[in-house]
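Could you put together the complete structure from these sequences and hints?
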Amino acid sequence: MNLLASESEVLAPLASGWFLEHAWLIPVIPAIAFALIILIGKRLPMKGSELGVLSMLSSLVFALGAGYQWIQRTNSATEEQFVAPVIKSWSWWRSGGFDFGIGQHIDGLSILVLIVVAFISTLVQIYSLEYLRGDRRYTHFFAALTLFSGGMLAMVLADNMILFLLGWEIMGLCSFMLIGHWWEEDANSRAALKAFFTVRIGDVGLLVGISMLYFAANDWTQENLELSGFSIRGISAWALSGEPNSTVIMIAAVALFIACIGKSGQFPLHTWLPDAMAGPTPVSSLLHSSTMVVAGVYLVARLYPVFYVGLDIPGGGGNLIVIIGGITIVISAALAFVQNDIKRVLAYSTVSQLGYMMLGLGAGAWLPAVFHIFTHAFFKACLFLGAGSISHSASHHSFDMKRDMGGLRKVMPLTFTTWIISTLALCGVFPFSGFFSKDEIIDNVGYNGYNLFMIIGLVGAFMTAAYMTRATYLTFFGEPRGASAGHADHGDTHDTHDSHNSHASHDAHSSHNAHDVEQSHGPHESGLLITVPLMILSVLAFSSGFLNATPFGESWERMKLWVEPRSVEVVEETHSGGPGESLIITLPIAKEGQSKSVCGSAQPETGICYAPQLNHAPFKWLKAMMSMAIVFLGIAISWILSTLLFTKSDPRLVGLTQRVKILGLGHKLLVNKYYLDVLYEKVIVRSIAYPVARAAYWFNQNILDGLLHGLANSTRRISGWVYKNVDQLVVDGTVNNSATLTKSLGTAAQPTQSGKLSQYAALLFSAAAVAALVLVIINT
Amino acid sequence: MFVNQFLLLGAILFCIGVYGVVARKNAVLMLMSIEIILNSVNINLLTFALRNGSTDGHVFALYIIAVAAAEVGVGLGLVLLVYRNKKTISIDDLSEMRG
Amino acid sequence: MNMLQENNWLLSVGTFLPMVGVVLMMLMPKAQDQSVKLVALITSIATLAVGIYTAFKFDFDQAEKMQFVANEKWISVIKSSYLIGVDGISLPLYLLSMVITLLVVIYSLDHVPSPGKPKAFFSLLLVLQTGMAGTFIAQDLILFFVFFELVLLPMFFMIGVWGGEQRQYASIKFFLYTMFGSALMLVAFLALFFKTGAESFSIPYLIENGGSIGKNLQIWIFAGMFVGFAVKVPMFPFHTWLPDAHTQAPTQGSVILAAVLLKLGTYGFVRIALPILPSAAREWAPYIGGLAVIGIIYGALGCLAQTDMKRLIAFSSVAHMGFVMLGISTLTSFGINAAMFGMVAHGLITGMLFFVAGSVKERYHTLEISKISGMLTQMPHLGWIFGFCTMASLGLPGLAGFWGEFPAILSAYNPGAGLNETVFRVFMVIAALGTVLAAAYLLWLYQRIAFGTPKNSGHDSHSTHDELHDVTTYEWVAWTPLLIGILVLGIVPNLLFSVFDPAVQVTLSAFGG
Amino acid sequence: MLSGDKLQNLNVLAAQWVAPTIDYHGLAPELVVAGGLCLVLILDLFMDERKKWLLSVISSFTLLAAMIPVLTLALSDVQVRSMFDGRYVVDNFSLVMKGLFLLSGYVVILLSSSHVEEGEYWRGEYWFLLLSSLLGMLMMTSSRDLVSIFVALEFLSIPAYMLAAWRKRDTKSNEAGVKYFMLGVFASAVMLYGMSLLYGVTNSTLLVDIAAQVTGTGEFSAVHALAVVFVVVGFAFKVSAVPFHTWAPDTYEGAPAPVTAFLSVASKAAGFVAIVVLVYTAFPLAQDIWQPFFWVLSALTMTVGNILALKQHNIVRMIAYSSISQGGFVLMPLAVAGMSGSANSALRSVVLYMIIYATTNLGVFAVILAVSRKTRSGEISSFGGLFSYAPALGVMMTLFMASLAGIPPLGGWIAKFVAFQSLLSSQSSWAYALAIIGAVNSVIAFGYYGNVMREIWMRPVPDGDITQIKIPGSLALALGITSVATLVFGIFPAVGLHFADLAEIAGALSR
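Chains as they are written, first to last, in the numbering used here: chain A, 103 to 882; chain B, 101 to 199; chain C, 590 to 1102; chain D, 377 to 887.
Below 20 angstroms or equal to it, Euclidean Cα-Cα: the simulated EDC-like pairs (lysine to aspartate or glutamate) are:
id, chain 1, residue 1, chain 2, residue 2
1, C, Lys1044, A, Glu287
2, A, Lys858, B, Glu196
3, C, Lys1044, A, Glu286
Source of the hints: derived by calculation from the structure; they are not laboratory data.
Written out as structure tokens, the structure is:
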């Protein structure tokens, strides 16, 4: 459909453009590239990696182009005009009256995430060129990375839930392949299995949710929009139409959110994410920090109306999403304190940042949450790549901060700088990007009436600052230790990480040959292929926040303009689908604060509404200062403690956990990750995989299969004729069970065949006599 | 009418014959019991023929007598055969095959 | 149902061509194994060629109609005629059987299982092919029954002669189970015949008049058919023959069994039981659905308890067919489309898995999961193929398996008219959980077999390293079509759905749409 | 003591006697066979030992020659030829059955010839007895009178007794003969008693006359019931229906294999002929008496036969039990033959079943004979690995077994199918019950048929010697005929059904 063909008096035609129209190419390119890499990758000079990088670059170009044109589109619209998403869809397959489409749904949100994904993927692939050089499965690695990007991009611009699901699952598969990249080691493949399986459990929710939404919404959407019940746009409109039965949509929202919990590593399904660090560092930075794990968040943002209505977000007080988000923030932040593995620290921090996003979405702070996706992507990717760079060039592929790092700020200045920038951004220090997103979230959460969770958010900010400081201190300050001190050999690094993070040794032997050289001399700065992405990312980590710098007034809130959908009613001309040709009916704009606005969950009088009316907290420097203070407090305390503990090894602190019982218990609890894994693996999984399955199998073999056996046995005992045949029958197990039964009957009948002539005669006549008698009686 | 007595006689003979077949272990005796049954049949037939005043009964009876003779011939032959091989005519010894 | 008569010789040729090959082989002197193989190969290729020609001639715009219909006198005395034809439902399965047979023949060219006897082996293969193809084209109950039974003996011998340790037990068990089912099915057919006025056995006729039978009677007749088909599927309580048969059968046997034979049962449901006895079907649907989901969970649990790779795959068949039956039990055209797709997809995927299992057995001389490890390092290609099938089998979107599984689950959300929604929604959730378990056991299997470092201790002392060769040419030739099929159907499911849909719609017209 | 006028009366009756006109064309088959057997008997006296193989040729050609008048009769436009005012009738039914008897007799001769040549047998008598027994069967098909039925029965039985005891030195054979004889005579005696009662209540031995009067109800119904049961028992014994089957296994095992083949096919068929004729022409109105009787008989027969067959180790004995249970399937439709509409289909099913069963079972015996030439053993296990050294025999045996088990597309299935069909056509609940029993039995049956297949295909050769089996020409011919027939009947059931459909019994009360 051509979106430019809009005739409307009130309405300025929306600008569009080639890139917007052809945004669907963005995922297609990597998909093709993946196929090529698989087919001819090995024969190429760079083992197929060039294909991956090129495809990602071109996707990035397309995405940026689309972004640019989207901005034009939004600018071309009037202030209160609904900026229609650019939707194209083709029928994919049709069955039983169902029409499964495939197509693109381009609006601010999808553009934003598209750009992020394409950008990070590009950088990470470039980074990997160096980082994985000489790896055994170099080509496979790039193939998987590319496929992942393809899947993620497809999911992001999906116009219906089926395509969305497809991308979602493909990401899951790729994460399985990439985590298990070094599958020779059992731990890695088990981590991969765990990740896939945990996420898969969540996916049940996705399946159920999609089905429910489809059947609940389909009639309405078909009638009003001529869209199938899978179409994201249709679902959103339906959710806000006031039609839906509240319980149905509530269950659907919960079901979908379960999927998000699994994918975005929210409590209680977060346990897979830290283990996923077993994968190569680029994978961790791409999939498990900046892109894939935000898919869950993206789903919530994408189908926001469903959650908005289903979970009654405007109601305030508390709902599933904020609760889960809040819990996640705190517990994972707490976990980050006891990790010695730098990547695990980052992993837990990722989990808690995702918690922030969920918190924001749950509390109606849609824009800040989405914005946090954006900013978080940059600084977290940067941090991971930094960690990778350290292990790559300084600590002989170990990630253990306490053992193999320390004092690296001198040897790796670049890495250090970028790390510091990103850390500050993560902590949300004022001019850095983190501040503008995270602080906004906390602020709006409070503003929308979720005060308790605002406090949780602040606590989280404090903890974040604290554990990041600890990590930074351990890594870059103090005295060089272990490998980074240059006197570490491989045997050492091998047995250092036996229990939980043995991937390190794999970094080692996988890219072994490539690093023999570097083992000779000690820690040093990494090569350009690694540092350049670091620098780019750190620049963005600093600056990206200004895209929506609320403190500096309306004019700076570009994101609000570009990304946030405007919640006005659109009168559809249903005969010519597509909201591009939509009329504005001028309505009083809903006033701030009244959540039951015309586009809230109340039934609008006329027209259709695609986005809920959202509130925005007015920025107050006071609150900002307050949170700043908290952050700095966290940094300071943690700094002091770290110095005392790690450098001065102050006797009052060292072994404190051993001395004070409470702390000891807490420490133990944290080290054991709240025993959640124990619960899952030892209790749940075991109980399914072993007893239940055993029982089922036993049932199969002994009850069902043996039913006839049993019958046969009992009959035999009763008649007691052929107990000796049993063994034969069972041993040469040729005779079917029922045959066994009938056979034993046969044995019971055999004596009639005694071979005695007189008995035969007797039988013959008596039978005849009896028959005659009976029939005579019957017939007279 | 005195038909019933004859029929009764026939029935009694039939029962005797059946008893003989079932109870006797001696092959020759079995043959004889069978002959008794056949004769009971003959008596029946003749009685009925007389009662109904038709000749079919007599004809049937004649046939039976003739055939019975043939049967006995064959039967005794078989018994003789058995006796030659097993030196006994007790049919209970003829239970090689069973089950 | 109106029918298209033109070139109605096609189907008969396609069905009975293999018998020509059999006769040829019979005439050959015993010694020449090579020429026997050659004949088998040529025959199956020719058969497939005819099949493809049929597909070309097939008018896809009228997929709902019976096409190439031939209606000859056969047993006029008992009102049964040689009535054959294909519509959108039959055609894909008809072709599937031909493709699978050809691939199996190719695979067998250098994999004739012990104890040799290629002549007998290939003859049985071809007889099987005739039986399978015939079942899918038969439009007369008696004809259907004949073909349905015709596959029994060859499979019986294939398991019993070329099978594993327990082969004789497995084969007899397989046979008696199936025969028991079909005996009751025959009685049901006859009852149907007489209750519809003893006019004809032709399915179209019965579809027109079957609805008129009283409901209780329908339920009983349906029960007879149910047993017959459910044993073949196999559905939950009747499945115990399957693991034995699959585990003991030679690779080729397992492949055909999984790829085509199991489909005869589900096809029977769609083609015969549902349209002829609609109101009985409505009564039965919840129970069928219930057994189906039990089968899904049960099969998955069975898989988790296995230590033998092949047996695990066999149990996974129980689970997958559970999804198919769930789709059928919804009595919606959507669900049945899903079921039909699931049948084809399961045919390709599980068939492929059994091929892989066979090759693993051949190389490692064991199927004990615990004894195999690091296949990816020893035989990367085989490992990747195995992984591909695993992913397809656990219903990864973009591969064929998904389009059978997901729509089936989806359709259970609102079943056809007159069915209890709550019950089926419960089924839906359980089935969705089933997908998780599927992921669990398949990945678990894959992780332990393909990942990790090779174990060279003990078990393969007698499997020297030249035996651990990667995929051979024959295997490539035999497997590539399946792999491509899995991928293509996954990306363009409409290829099949567009064919099924019209026919399914017509089939369901008995239920008022 | 007869009074004078009665005697007078008899004389008058005798005086009015006129010689019946004899339709020689109608009697031609019997006459040919009769001539043939006289020829054999006479030649046997004068022919010297070395030429006696000619006797088998002669007798086989006699049977083929007898087929010619059967065909001409079938083609002649006179549908029904009735002699001796309806006591001896040549109708389609009898023609079809005559054809069956002649052909199966021919196959039996093919089976016997090589068997009889070896071992010291009294060849001439063998052929003579075989032919005379066949002659009795031919008569049975046409008899429509109690007397002629009785005579025919004895005519076909007495030679059979002697054939069963044929191996004079072999005690088993003697035992077989004696058992068969004693029980047979006993059964026929019981039957005769029943016949006498029939004659008494109806004052006629002509079936058609009896038909009008014998009913399940009304005056004398008790006597009717008694009579009908006793008469039926006589033939139930012949078809070895449980519980009158006890002789069959022992006799079959003991008798020489070709004789067993003959007994299990031809004489069983003769019994069914008699039953059908009686049921359709003599007791059409008494269905209340015989329907339940046949129901029970058929259920018992197929079940007991099956479960006992499962236990057998001796192939012939196993076949004996299998043929018993097959008999149950033949009886199945008769259990509803009295109901409206199912009479014709029941007759058709019985005839068809007998035709197909005859071909298949003869084939089985042909294979058994061929194999036992090598293995010299009657054990089922002696078939082990047959496929590996005699694939042709193995495949044929498999075909026959599958056909007996009723697996499409072999002859057996259509026979079973038609039986089920005609049974269910009555649509009574009894019919469905019996059908279920039958269905289950047809599954159980595979237990032992499949066992033989298993031996042939999946078991090693017991004594490891895999020398080829030399099959004499006659045996090969028999094998060819039977296997081809089995396949044809299965794949083109119309062929068998055509003959079965022709067979209508003249004078049968059609419902």
